[in-house]
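Colleague: Take the given structure of chain A and dock chains B and C to it, following the hints.
Spelled out, the chains give:
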Amino acid sequence: MSIRSYCLAEIAGIIDCKVDSRWQDRRITGLAPLETANEKQLSFISHRKYKKYLATTQAAAIISPIEISGDVNENTAVLIHPDPYLAYAKLSHLFAYKIPSTAGIHSSSVVDKSAKIAKTASIGAHVVIEEGAVVGENVIVGPACIIGAHSTIGNNSYLHARVTLYHHTQVGERAILHSGVVLGADGFGFAPEKGQWVKIEQLGSVLIGDDVEIGANTTVDRGALGDTIIHNGVKLDNQIQIGHNVKIGMGTAIAGCTAVAGSTTIGRHCRIAGLVGIAGHLEITDAVVILGMSGVSKSILEPGIYASGIPLEPREAWARNVIQFKHLNELAKRVNQLEKKDGLHE
Amino acid sequence: MSIRSYCLAEIAGIIDCKVDSRWQDRRITGLAPLETANEKQLSFISHRKYKKYLATTQAAAIISPIEISGDVNENTAVLIHPDPYLAYAKLSHLFAYKIPSTAGIHSSSVVDKSAKIAKTASIGAHVVIEEGAVVGENVIVGPACIIGAHSTIGNNSYLHARVTLYHHTQVGERAILHSGVVLGADGFGFAPEKGQWVKIEQLGSVLIGDDVEIGANTTVDRGALGDTIIHNGVKLDNQIQIGHNVKIGMGTAIAGCTAVAGSTTIGRHCRIAGLVGIAGHLEITDAVVILGMSGVSKSILEPGIYASGIPLEPREAWARNVIQFKHLNELAKRVNQLEKKDGLHE
Amino acid sequence: MSIRSYCLAEIAGIIDCKVDSRWQDRRITGLAPLETANEKQLSFISHRKYKKYLATTQAAAIISPIEISGDVNENTAVLIHPDPYLAYAKLSHLFAYKIPSTAGIHSSSVVDKSAKIAKTASIGAHVVIEEGAVVGENVIVGPACIIGAHSTIGNNSYLHARVTLYHHTQVGERAILHSGVVLGADGFGFAPEKGQWVKIEQLGSVLIGDDVEIGANTTVDRGALGDTIIHNGVKLDNQIQIGHNVKIGMGTAIAGCTAVAGSTTIGRHCRIAGLVGIAGHLEITDAVVILGMSGVSKSILEPGIYASGIPLEPREAWARNVIQFKHLNELAKRVNQLEKKDGLHE
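For the record, the sequence lines run as chains A, B and C. Here our numbering = 1-based position in the first sequence + 283. Here our numbering = 1-based position in the second sequence + 283. Here our numbering = 1-based position in the third sequence + 283.
None of these hints come from the bench; they were simulated from the model. On a predicted model such as this, the values are computed, not experimentally measured, just so you know. A portion of the hints provided could be inaccurate.
No copy is singled out in the list; a pair is fine if it fits within one copy or between any two copies.
List of simulated lysine-lysine pairs, BS3-like, C-alpha gap at most 30 Å [said to hold, decoys possible]: (1) 402 - 616; (2) 624 - 609; (3) 530 - 335; (4) 381 - 332; (5) 623 - 609; (6) 332 - 624.
If we strip away everything but chain A, and leave its shape as in the complex, we get (with noise of 0.2 Å):
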């Protein structure tokens, strides 16, 4: 997709490591796995188990922790570089598609006359911006985009098509927000009266901090008494579900398909995998790993990784193995009385 291309020695200087001079001219034109790299193309070797392709590459260079001059093609050029994973990451940037923007406001868009609308931002078609909306410098609004009133977008954020903000919505700067993201939905509150639920409106709002990334077709809900917080750096993959006065802390990286209750408080630098379940009211502290469709039913107050999925059989064993889970506490009993039997306990 990218016809853009790079020397070397540009290359080794975005990641601050040394090229030989042989290879400085060298053209790159983009990224690939060792496996399919072409003649043009940088790779990056970051785990032993993919030494056995070094052999084979066609890559034209390779970044790579240790000396690999060795093992390769005597005319692949080779990057030393202490965190080849990190180095790709940063490359990447280099290739990425830039979708085509303009500053200024599509005509078929439908902007409040209230809305202060930044010279340098881009507004694409068939926007709706609210009155009051406030959209920051060189921020891009993508196509079918709902911005509510009175929210806030700073500057430089990305908002792909078909993002909504309700009112009152603060997103921070160098935000990224994927189609489909919803952004202060009420929170799920009802009284019960007499039989039939009484609605609490959710007075709250979202705030979203700096550098943070939304993925496709997540929800994130407005507080009810108070906001729901999303703080710097946090990074929220596709179909997240986030209930009202929820706060994740700086950093935290959260897997597709993980929903958080009401009123939970994740820490900061968690990383949390995908399809677990968070209950409500809960205090999730700071580094807290959590494995893939875990259920947290109570705070988690020491750092650690944790988890209680359930592994997979086929399914005849898993039945017999099901059955005897309905029997366990009986199951635990009877040695019990073997036990005592044997006079191995009281």
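Modeller: Here is chains B and C on its own, set in the frame of chain A:
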């Protein structure tokens, strides 16, 4: 977000309780928790665990189920109400932000000439309303909604931005549909034929009752034969998936990310937590409560509280227990064997 | 919703079976289950559990795998077909509501002049088609869809309202994409650097084969390096999340709310139920069936049926068993100990 204010006498009238004459004229500008309320805000105490905040709260007034004058600052007004949470729910409506809307059809919308739109309805920007659709009195259709052919929306319903109704979908009165909701997409139905899937056209529709609220990005599929039916007063949170021909009884509430497979019937006044999976073709009776992340693979014929989640543990402990889970049936047999040897059973 | 009708002779012709001459001219206006079918509707019996409805059904005709004339009203036509469910699937197409569409581009749409739109394609209201996109013959693009730059849509595909294709997404022929689908959003990739996340630009794309159907609000991320590939005939239900660089083989069907993490390969003709979580970098072979709510954390190299769910129980019984689960490893050791004492093993 609000500059409205109400005097305590008005507020007491709304929730049908008394307020001492000293405080009747005190003006209230909002609601807040005890810890953060300022001297113009109203708070409430609904659980004893918040009692610790009474001594120091700055709230102008507190709704309490019992007399607490001795526990609070003598300047704090106390309103006695048997259900402070319900009182709070009712009062929240006073302070809700009303998104400005005016009756009429925005000039950017595309409305088929055969559609019937009530004069009092408000149709936002970039809406599409297809042939034969009917929109009732005082309905608000937010920007970028798509109202499919022959769909109907009952009086006083509110569609937030970017809601899709497929053709022939029926929505009752006072419904609230949040952004990203999709009603009436095809149910998941295919018949296998020689290794290929033959699509089963979904010939039914979706019927949504009165007073139903549906959260952001939730999807309700149309019926295969016959309809998918969400009865009056049902509340669905965000990112819920309701399969074809499901029926959900009056007043049932379901939390985020729960999935209900096709042809299952859920009774009235059930409460189903988040990330629950309910298999297809089941019957769940009235007044069933299901805890978070449960898997329901059989019908539930008795009211009660049900669960199937697994507790979270530190990874090492989890790994040890999970390995044993795969040997649970074998373990049960071994205990059997021991018991036989001990003569504990025949 | 339909006023079309077909005579039984036509219907029998479509599904390649015979109908007695008495009934050939009987007109059928729709399909319905045995219990609710009226005297102008066709029904079918695909499982013996519905046999009880035969005596009282009002259906005009019934498709059955065996002769049932003796079990039904003598006026009921019987069509013998070896696979009534497949016959029903085929006949459902006769009665499907056809959303009206006309070739051409709606005047409210914004189509880049470099995009190539087939003359027979129908582009709905408020659509945005970006530079270099290609839309094939007879394609229907529903209202408010966003077709990103350089994306392609094969002949006879159908995009319902509010679908987003990011740039360079490729969709095959006869695909059906439901409302809210997002194809080609960035995969979830970040490299850590001093407590911050460096975004990995997602340089690959999404390739969708022919005859693929994708349900409402499902998301398929673009590849990091290389592409995410959904092969021909794959059927994805609603709210599924497919991570970057996933490959899904021909004819595989996946039910709602399942999540597949990055770089996993799923084989052909698999059937995966709802709310299943599949970890990243796994290989799942052909013809694997995975039951609902299973967690897959290892590759599956043998065809078969797999599961890992836990049975639902009343809360009290569940709580007792779940506590024991946390002691399962200890329990196994205690049984070991007893066996040693008993001399059952060394």
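Colleague: Evaluate each hint against the coordinates.
Modeller: Hint check:
1. 402 - 616: neither (73 Å within a copy, 71 Å between copies)
2. 624 - 609: For residue 624 and residue 609, both the intra-copy (25 Å) and inter-copy (24 Å) Cα distances are at most 30 Å.
3. 530 - 335: Between. Shortest inter-copy distance 23 Å satisfies the 30 Å Cα cut-off; intra-copy 45 Å does not.
4. 381 - 332: neither (33 Å within a copy, 53 Å between copies)
5. 623 - 609: For residue 623 and residue 609, the Cα distance is within 30 Å both inside one copy (23 Å) and across copies (22 Å).
6. 332 - 624: Neither, since 53 Å and 46 Å both go past 30 Å.
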